[in-house]
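There are 2 protein chains.
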Amino acid sequence: MVAPREPHEPKQDRSRATRQRLLEATIDCLAELGWAAATVAVVAERAGVSRGAAQHHFPTREDLITAALEYMFDTRTMQSRTESAMLSAIAEGADRTRAVVISLVESYTSTIFKAALQVWTHAAADPALRERIVPLEAHFGRVSHRMAVEALGVDDSDPVTHHLVQATLDMARGLGLADVLTDDSARRKTIVAQWAATLHEALQGRPGR
Amino acid sequence: MVAPREPHEPKQDRSRATRQRLLEATIDCLAELGWAAATVAVVAERAGVSRGAAQHHFPTREDLITAALEYMFDTRTMQSRTESAMLSAIAEGADRTRAVVISLVESYTSTIFKAALQVWTHAAADPALRERIVPLEAHFGRVSHRMAVEALGVDDSDPVTHHLVQATLDMARGLGLADVLTDDSARRKTIVAQWAATLHEALQGRPGR
Chain A
715 MVAPREPHEP KQDRSRATRQ RLLEATIDCL AELGWAAATV AVVAERAGVS RGAAQHHFPT
775 REDLITAALE YMFDTRTMQS RTESAMLSAI AEGADRTRAV VISLVESYTS TIFKAALQVW
835 THAAADPALR ERIVPLEAHF GRVSHRMAVE ALGVDDSDPV THHLVQATLD MARGLGLADV
895 LTDDSARRKT IVAQWAATLH EALQGRPGR
Chain B
715 MVAPREPHEP KQDRSRATRQ RLLEATIDCL AELGWAAATV AVVAERAGVS RGAAQHHFPT
775 REDLITAALE YMFDTRTMQS RTESAMLSAI AEGADRTRAV VISLVESYTS TIFKAALQVW
835 THAAADPALR ERIVPLEAHF GRVSHRMAVE ALGVDDSDPV THHLVQATLD MARGLGLADV
895 LTDDSARRKT IVAQWAATLH EALQGRPGR
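Protein chains in written order, with our numbering: chain A, 715 to 923; chain B, 715 to 923.
These are computed hints drawn from the structure, not numbers from a lab. Check each hint, because a few of them may be wrong.
In this list, chains with the same sequence are indistinguishable; a pair is considered to hold if it fits within one copy or across any two.
Below are the SDA-like pairs computed for lysine to any residue, each with C-alpha atoms no more than 25 Å apart in a straight line [unchecked claim]:
#: 1; residue 1: Lys903; residue 2: His914
#: 2; residue 1: Lys903; residue 2: Val863
#: 3; residue 1: Lys903; residue 2: Ala750
#: 4; residue 1: Lys725; residue 2: Thr774
#: 5; residue 1: Lys725; residue 2: Gly766
#: 6; residue 1: Lys903; residue 2: His853
#: 7; residue 1: Lys903; residue 2: Arg844
#: 8; residue 1: Lys903; residue 2: Ala805
#: 9; residue 1: Lys903; residue 2: Glu797
#: 10; residue 1: Lys725; residue 2: Asp777
#: 11; residue 1: Lys903; residue 2: Glu915
Working from the sequences, and respecting the hints, build out all of it.
In C-alpha cells:
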C-alpha cells in the first residue's frame, strides 16, 4: 500500500517560512553573540538553513540586519497592540496601572530589546545604519506611547499625563539596559511596583481619570 | 645671554600625563567611533602619542579598555561626589530635587556614558569582559545611589524612598540610551521637569523629609 502523499507546501510559503527562521535566528544571534558575530553564515547555521538559501534571501549582511530590524519593529508593534488590548480588559485602578507598567518593562527586557541594543550601539558610530533606524524607532516610540495611553485609559492631551507616560517608557528602557550584564529581575520587581504606585497616585485627578 | 633652562618635568609626571591622555582618547574613540574602532593604534593617534609609547603603557587592547573602564569609573565617582556636595548647598525643596534629577540625568548623557555603553554592549557577548565590568558597575551603582540620597537629603532606610531613588536612576539610564542615536535634549527636558515634580511630591511626608 502506498502512503498518501503529503500535500505540496506551496513554494512561496516555504520561502516565507525560511525567511522568518533566518530573521528570528538573527535576533537570537545579535542578543546572544553580539553585533560582530551576527553574520549571514552564523545566522544561516543557527536557523538550519543552507548558506546558499540564506544568501538568496539576504545577499549581504546589511540586507539581513535591515530586514531583522524591520521584523523586530513589526513584532514589537504587534506584541504591544495585543498587550494593550488585554490590559484594557482589567478594571481601571491601581491593578491596571501596575499591569501596564509591568508589561512595558517586560517589552524592554526581551530578547528583541537585547538584539536591538546591539544594533543601536553599533549605529551610534555608523551614520548610514543610524539613518535607517531612527525613523523606525521614532515610529515605534509613538506606537508604544499610544498603546500605554490606551491601556492606562488616560487623556494624553494633558501635558502632565503625557510626560508621566513618557517618563515611564524611559524608566522601562533604563531597566532594560540594567538587565543586559546581569539578571536584574529581583531588583527590577521592587522598582516597578514602586513606580506603578507613584504613577497611579500622580495620575489621579488628571483629565480622563 | 643664555635663557634660563626650563625645569625638568619629572619623568613619572610626564608618563602619568601620557597615560591620562591615552585614557581620555580611548573614551572619545569609544563614544564617537564605537567599540571596534577603539584600538591602541587609533587611540594613540587621537592622543598624539607614538604607537610605541602607547604600547609601553598598554601592551594589549584589553589592557587599554580595562584601564579606560577604571578611569571612567573613577571620573564618574569623583564627578558624582563633587555634584552631590554642590547640590547639598541648595535650600531643601522642589528646586533642590529638580537640580538633583537634572544632575543625575546629565551624568547619563555624558561622553563617558556613551563610551561605557559601547563596552557594556560588547560585554553582553563577552563573558571575560563582563566579569571585569560587573563589580565596577555594581560599586558605581551604590556610589550614585548614596550620592543621590545625600543630595536629596532623604532617609534611604525607608523602602519607598529607596525605590524612588533607584527608579530615578533607572529613568536617567533610559534617557541616556534615548540620546545615543538622536539629540533627545528637548524631549528630555520636559520629562526631567515632570519627574522631578512627581518625585518631590512622592517624597513629601516620607521619613527624613
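Going down the list of hints, with the structure as the test:
Both within a single protomer and between protomers do Lys903 and His914 lie at most 25 Å apart by alpha-carbon distance, with minima of 17 Å and 22 Å respectively. For the identical chains of this complex, Lys903 and Val863 are neighbours both inside a copy (22 Å) and across copies (21 Å), given an alpha-carbon limit of 25 Å. Taking CA atoms no more than 25 Å apart as the test, Lys903 paired with Ala750 passes in neither setting, with 32 Å inside one copy and 35 Å between copies. Taking the shortest Cα distances, Lys725 and Thr774 sit within 25 Å of each other inside one copy (23 Å), while across copies they are farther apart (52 Å).
For the identical chains of this complex, Lys725 and Gly766 are intra-copy neighbours only, at 17 Å inside a copy versus 60 Å across copies, given an alpha-carbon limit of 25 Å. Taking CA atoms no more than 25 Å apart as the test, Lys903 paired with His853 passes between copies only; the shortest distance there is 21 Å, against 28 Å inside one copy. Taking identical chains as interchangeable, the C-alpha atoms of Lys903 and Arg844 lie at most 25 Å apart only when they sit on different chains, with a minimum of 23 Å there against 33 Å within one chain. For the homomeric pair Lys903 and Ala805, the shortest alpha-carbon distance inside one copy (22 Å) is at most 25 Å, but the shortest distance between copies (33 Å) is not.
For the identical chains of this complex, Lys903 and Glu797 are intra-copy neighbours only, at 19 Å inside a copy versus 29 Å across copies, given an alpha-carbon limit of 25 Å. Proximity of Lys725 to Asp777 under the C-alpha cut-off of 25 Å is restricted to the intra-copy arrangement: shortest distance 22 Å within a copy versus 53 Å between copies. Taking the closest pair of Cα atoms, Lys903 and Glu915 come within 25 Å of each other both inside a single copy (19 Å) and across two copies (22 Å).
Hint 3 from the earlier list is the only one contradicted by this structure; the remaining hints agree with it.
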